[in-house]
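Visitor: Residue strings, one per chain:
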Amino acid sequence: SQQGEEDPQALSIQEGENATMNCSYKTSINNLQWYRQNSGRGLVHLILIRSNEREKHSGRLRVTLDTSKKSSSLLITASRAADTASYFCATVNNYGQNFVFGPGTRLSVLP
Amino acid sequence: NAGVTQTPKFRVLKTGQSMTLLCAQDMNHEYMYWYRQDPGMGLRLIHYSVGEGTTAKGEVPDGYNVSRLKKQNFLLGLESAAPSQTSVYFCASSESRNEQFFGPGTRLTVL
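In order, the protein sequence lines correspond to chains V and Y.
Going by this note's numbering, the first residue of the first sequence is number 346, and it counts up by one from there.
Going by this note's numbering, the first residue of the second sequence is number 899, and it counts up by one from there.
Be aware that one or more of the hints could be misleading.
[Stated by the list, open to error] The calculated lysine-lysine pairs, modelled on DSBU-like cross-linking and capped at a C-alpha distance of 30 Å, are:
id, chain 1, residue 1, chain 2, residue 2
1, V, K415, Y, K955
2, Y, K969, Y, K955
3, Y, K955, V, K371
4, Y, K968, Y, K907
5, V, K414, V, K401
6, V, K415, V, K401
These are calculated hints, taken from the structure and not from any lab test.
The whole structure should be built from the sequences, with the hints applied where relevant.
Guide: Here you go:
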């Protein structure tokens, strides 16, 4: 069974608005990563946050991690039409090399 | 650098046929992975490898075999294809538990 679960499954916003996606997981982790997938393409790594970190920024991306609630959020500020994609969280535990992906959030940014 | 490449990009098989998908990476990564992605779902791990000559089962290994004879290559084999194996297959590589680099995918249809 998949460990990560993104919420919402789909999100539609206007250009310039902020988009927030959430990820919940079940077991302890080493790190949590967010990926983007454009239609018909492979996944692209966006940002990694380690279990001892609470917040991380990269350009217009802000990721938070709450290990007590076993959840993470990805915020995309000032969204653009080019941000339209599916976004996945992946968790990595301390015991192996497996990356466990959630089902993703489909983001549509309307011009 | 080409990154991660996959061959072929598309393939149509009849039930019972066999085929091999090839993944190659030029980043000298130790870890390589094979995933399948079905509509509306995240990635599910089929098999992975933590180094040349090693392989391990992932979440959905049945019906697939893999080999890692060279560090840069990771082969995924289907011995007797079934319609349930219709999917998009992604290969990825990584250095330890950090970000994964994905190939462009192979779209496989089994009739």
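Visitor: All the hints need checking, so say for each whether the structure fits it.
Guide: Tested hints:
{"no.": "1", "hint": "V:K415 to Y:K955", "result": "holds (26 Å)"}
{"no.": "2", "hint": "Y:K969 to Y:K955", "result": "holds (18 Å)"}
{"no.": "3", "hint": "Y:K955 to V:K371", "result": "holds (21 Å)"}
{"no.": "4", "hint": "Y:K968 to Y:K907", "result": "holds (21 Å)"}
{"no.": "5", "hint": "V:K414 to V:K401", "result": "holds (17 Å)"}
{"no.": "6", "hint": "V:K415 to V:K401", "result": "holds (16 Å)"}
Checked against the numbered hints listed earlier, the structure breaks none of them; every hint is satisfied.
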